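S.K.: So the chains spell out like this:
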Amino acid sequence: MTSPSTQPGSPSLRAIETALARAATEVPALAPLLAAFGPLFAARAELRASAPGWSGPAPALDAERFTQGVFVLAQMEHGQGFQDMSAHLAQAAQTLLPVMVQSFPAVAQELNILSEAIASGALPLEDLAAAGFGETVQVPGVGAETLAFAASELVRPFVERQAQDLLALVKDLPWRQALCPVCGNAPDMSVLRRTSDSSEFIQAHGGQRFLRCSCCASEWAYKRVSCPTCGCEDPDGLMVLRAPIRLFERADACTRCNTFILCLDTGEMVDIPDLDVAALTMLPLELQAKAQGYAPLARHPWGDL
Amino acid sequence: MPKAFLIDTTRCTACRGCQVSCKEWKGFPAVPTKQRGTHQNPPDLTHYNFKLVRFSEYLEGDTVKWYFFPDQCRHCIDAPCKGASSIDGSIIQDAATGAILYTEKTVKEDFETIRSACPYDIPRKDPKTKRIVKCNMCIDRVQANKLPMCVKTCALGAMNFGDRDVMLKLAAERLVAVQKDFPAAQLCDMESVSTIYLVADTPSKYHKFAVADASGAPGMTRKEMLAGLLAPLRKTTKQLQ
Amino acid sequence: MTNHFTDIANADAVLIMGSNAAEHHPIAFKWVLKAKEKGAPVIHVDPKFSRTSARSTFHVPLRSGTDIAFMGGMVKYILENELYFKEYVAEYTNSAFIVSDKFSFKDGMFSGYNAEKKVYDKSSWSFEMDGAGQVKRDPSLKNPRCVFQLLKAHYSRYDLDKVSETTGVTKENLLKVYKAFAATGKPDKAGTVLYALGWTQHTVGVQNIRLSAIIQLLLGNIGVAGGGINALRGEPNVQGSSDHAILYHILPGYHAMPHAGWANLAEYLKANTPVTKDPMSVNWWGNRPKYMVSLLKAWFGDTGTEANGFGYDWLPKAEPGEDYSYIFLFDRMYKGKVRGGFVYGTNPAQSAPNSHKVRKALENLDWMVVGELHHTETSDFWRRPGVDSKKIKTEVFMLPSAQRGEKEGSVSNSGRWLMWHYKAAEPMGQSKPMGVMAVEIMNAVRDLYKQEGGAFPEPVLNLDWPETYQPEEITKKINGYFTRDTKIGDKLYKKGQLVPGFPNLQADGSTSSYNWLYCGGYSETEGNLAKRRNLTQTPMQAKIKLFPLFSWAWPLNRRVLYNRASVDKNGNPYNPAKAVIAWQDGKWVGDVPDGPWPPMAMKGGKYPFIMTTEGHAQLFGPGREDGPMPEHYEPAETPVKSHAFSGQLSNPCMKKATSDMDLLADPGDPRFPIVLTTYSMTEHWCGGGDTRNTPPLLEAEPQLYVEMSPQLAKEKGIQNGDVVVVESIRGKVEAVAMVTVRLRPFMVQGRIVHEIGMPFCFGWTTPKCGDATNRLTSSVGDPNTTIPEYKASLVNIRKATKVTEL
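Protein chains in written order, with the working numbering: chain A, 1 to 305; chain B, 1 to 241; chain C, 1 to 806.
It is possible that part of the hints are untrue.
Said to hold, decoys possible - Incomplete in silico selection of chain A near chain B, CB under 8 Å:
1. 22
2. 192
3. 196
4. 203
5. 205
6. 265
7. 269
Claimed, not checked - Straight line, CA to CA, 30 Å or less: simulated DSS-like cross-link-like pairs of lysine-lysine:
8. 768/C x 128/B
9. 335/C x 65/B
10. 128/B x 82/B
Hints listed in this document are in silico derivations from the structure and should not be mistaken for laboratory results.
Bear in mind the structure is a predicted one, so any value in this text is a computation, not a measurement.
Backbone N, C-alpha and C define an ideal beta-carbon position, used for all residues, glycine too.
Just chain A, same shape as in the assembly (with noise of 0.2 Å):
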């Protein structure tokens, strides 16, 4: 299992930047999307790099419950969730709101309004985090979908790094299930990575396949040739779309339960793509994927565009 790591001027920044860059030149209709979503991947990399993690004691686990599917956060005392960020959440709204603003211009004014209302205290910070994990909050002049996206990308960062923690927990242990190992969420984006074997013989060329969680960005290894959603195996009911020019980027659809996850191949790539960049890049066959009649697994914030 890997999880993204961040630190200014990191690799994965430059990974971002990379990227957007070749995604820009290959696919120039979605440059104004890449424009949009471009700025705001880099501030929540940045930020996601300076937010605390899981603090305080590792939580007990029982290695023999997360074997049989009982993922991280499930284990806890009360079924406690991730830990509370609302403290670092104005910070996180100074920085990325802006940015926001300049990437969604209509969508600006309730931006305005909502910075205001997190500056001013008018919207409580816990709330705010709540609307984060899909809470319904109340704020005057800000639209129930825009509150909904600008919360859940302000608690992203945060998700995202407490996730790496827990991760790191867990990656010795087996988990084969199709949902999240430590916040059980259902992932919107899948990879086929090279791996590395220390032993000095045959490798696969295929590379492993990895799910991605939607909500916090965790990865775990996944059987190759199987649908996430209902478990199909038979090689008739597994169909991979793809465009000719972009092999390396394929929806893998089920025709058994009709769904589908993006999913980049990047067994023969030099350079390996930040994955929300490489997931942004891949909304023309999302789109395909839809109209074809499958839904995906879960949704993307740029999905329903």
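Assemble chains B and C onto chain A, guided by the hints.
M.R.: Frame of chain A, contents of chains B and C only:
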């Protein structure tokens, strides 16, 4: 970011997947070969073989040593062949990757000059097109963010490719690991080339031209040529003619 | 394999003999290296230093055909240094059994030899029985007629001096190997043995493997994780084709081929169903009638009834004692006794021994059908160099075959895993999978019988034969169906339901199964288990990389055979850290145990070796043709005139074709002083029919070579790269000399014996690449299997003066 290969010969089993896939990607036909008392075939690099696994073996005491060396262009950081060239644009260095590329203008180069300038004896001449040819780092693939074909094919982890700093780090790690069993292990000409070989024994046991100073050119070592000392002089001479 | 591929990683020592695993089984070798990483010594014993040797802890060169001497020395070392696993040997093997006093062994010969027929009467190789019909035993192992003492006496002759002068291995190297491998005799240690054709392709092939079994039993290495005797089978589905009997002497599921001496089913079953009076012995083959009848029901369906022996009466019967294997098939063909035949996916004119004879034999056919991808030396034998095509009468039909990737179906890997593979592309042009050809041709034959009648039509017309070839349907039939509503225990199975595992097969015709071993591989609820890729396992299973839900293994998804021998009599694992099974809270956990019964010491407990009649592993094995204990014999062609162990030079039972073209060099023949071994190579596949038609591979390995030591080259005045003529008493072959330090001269009986090696993949249909190496090898074979002795022939070499083949 310049790119580099790390070729870890301690992991190579001479399956020759790299040798075959290289020519298949480039669409080269098989060249007629003969068995000459070695598995190494073709005997040397050709205009249709930019990659060749070289075999060597030694009996030391009671122990057989069998070495494999997947030979290819080193893509020198300061390439002597480029320095030796007399035509502008015949031998160029790709700014993004550091790949040394031979263009159609090499038709006008003096082949022997270019070949003898190479400390690793890599350049070959295509008798049909008259061009001087060699490994081009699969620049078409690399520009499309794809690994060079030999690296993609290698199932043993012998062929590695990526950003130079990443490869240097990997090289250093592997050297430490390999030196535990093979104290004489070393990285060949690491500072001056983009194709870095990790060998477990004296480089010359693998191949005459495994490292730059192994051969010795008259008057001047190939190592000195590699440093590019002659290049400005040669250019000037050419301009004066 | 008793074990399976991932299990090799559990070994504390790995002995590779008669295999070049790194080059020919590269994926398997990954697990060898995993074991090595954890500290296991990897020992490669082989005439040639190969890439396997390069990756091993050490390589020990050994003269071809002397493996029994080598291993006999190891048995002596283990016994005399008391390194064997005492409890295991005493309880689980037949070490305590008292052997009949009629049994004897004198000067290399066992009792009961019939010199005229060259076969043994095996009746004296038996055990003494008590009044209750049970084998007499001496648990103290002191009785001089008990198996343990006989074994000890037998191998006491295999001292270091004799073994060294026979094998050409130095005494230091012998001790190095013995010490490293015998260290696995401790209860919590395991050693694995990996072998391939380097062991089987000898006139003592089966006994090579028998002796490794004896070593593994003495060390307690059978049934445990990281142990076992593991044949590395090849990509041509050697495991699957053996299980499904593409062999003349057995039917699918390892039942003897019916012969004329067994006139009806009852006689057949009586002769082939062992009985025991020991209540603790499972004697699994006592179930044979259920499996045989189910097989017949699968073949003949409703037409097979009790009245006709479920169709047994229609089966072709062999002549008792006749050998129909490759060697003798071509011997009959050479003698004009075969009129036509089908050749699918094999190239005998290249791969069978004594190719000159095989090629000549093909000329006697009226017709031949070849199912192949490319023209081969077999399909084109009629236009081979040096023959006048006009004078050859044979009509040859070429059926273009689909490539592996162009068809779906199952492959059984060496670890007995049934693995489904999917079609990746449509067959090219008119080519078809072999299964399709077989079904279509047989249907056409059936139509002809229906229209025109013919002699004895029942076997053809009564077959339960499909209209079209459907791999999935065949897989179901292999598993087997209930042929009528059947109640087993209190469970009712409906007609047409798949049988859930071979314990449910019946001898009354109520079930069918093409192969009892695979019964359970296709489940009514879970479908085709060969397609299963589930990696889930319990922590106990994960410790030994068991992966029980990945594909399916015969029998009954058992991954480690004889696993009841991995626990003590109370069901506690000998090695708790790598437990295969354990008895916990009244049930077995871990792998599927060798039967559900409780541990041996408990009420209802059984002995662990359920496949032998007496329930004990056979240190003394009465079943083989050439002796109950392996004995060193020289190859049929040997560079020595005598050896240190007895006056019997070569295997007295070896199979030998006897035509005018089947010549053998005399022992120590001065005309042919050099030992030749043959092998495959990485770049070319088997006989090379596929890969010689792949230009980049031919570029890398273009021509036939002969590997030889620098010493031999110097002796013969040969330079590296010279074309030489390699000559045996049967033929001549041109090859390029590859002078290499990877082959070394052997010191045998105080003098130098040279060994050379050649690949067998080059044939004349590829111009100027050389021609069949097998023109040199001989039609002699192992008495149990008739596998030819490709690994040891006598030859001479000289520099060629004129080159025609290269």
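S.K.: If a hint holds in the structure, say so; if it doesn't, say that too.
M.R.: Here's how the hints hold up against the structure:
1. 22: At about 7 Å, which falls below the 8 Å cut-off, the nearest Cβ of chain B leaves the hint on residue 22/A intact, so it holds.
2. 192: violated, 14 Å
3. 196: holds, 6 Å
4. 203: holds, 6 Å
5. 205: Status holds, d = 7 Å.
6. 265: violated, 11 Å
7. 269: Check passed: Cβ of residue 269/A comes within 5 Å of chain B, closer than 8 Å.
8. 768/C x 128/B: The hint holds at about 26 Å.
9. 335/C x 65/B: violated, 50 Å
10. 128/B x 82/B: holds, 23 Å
Consistency note: the structure conflicts with the earlier hints numbered 2, 6, 9.
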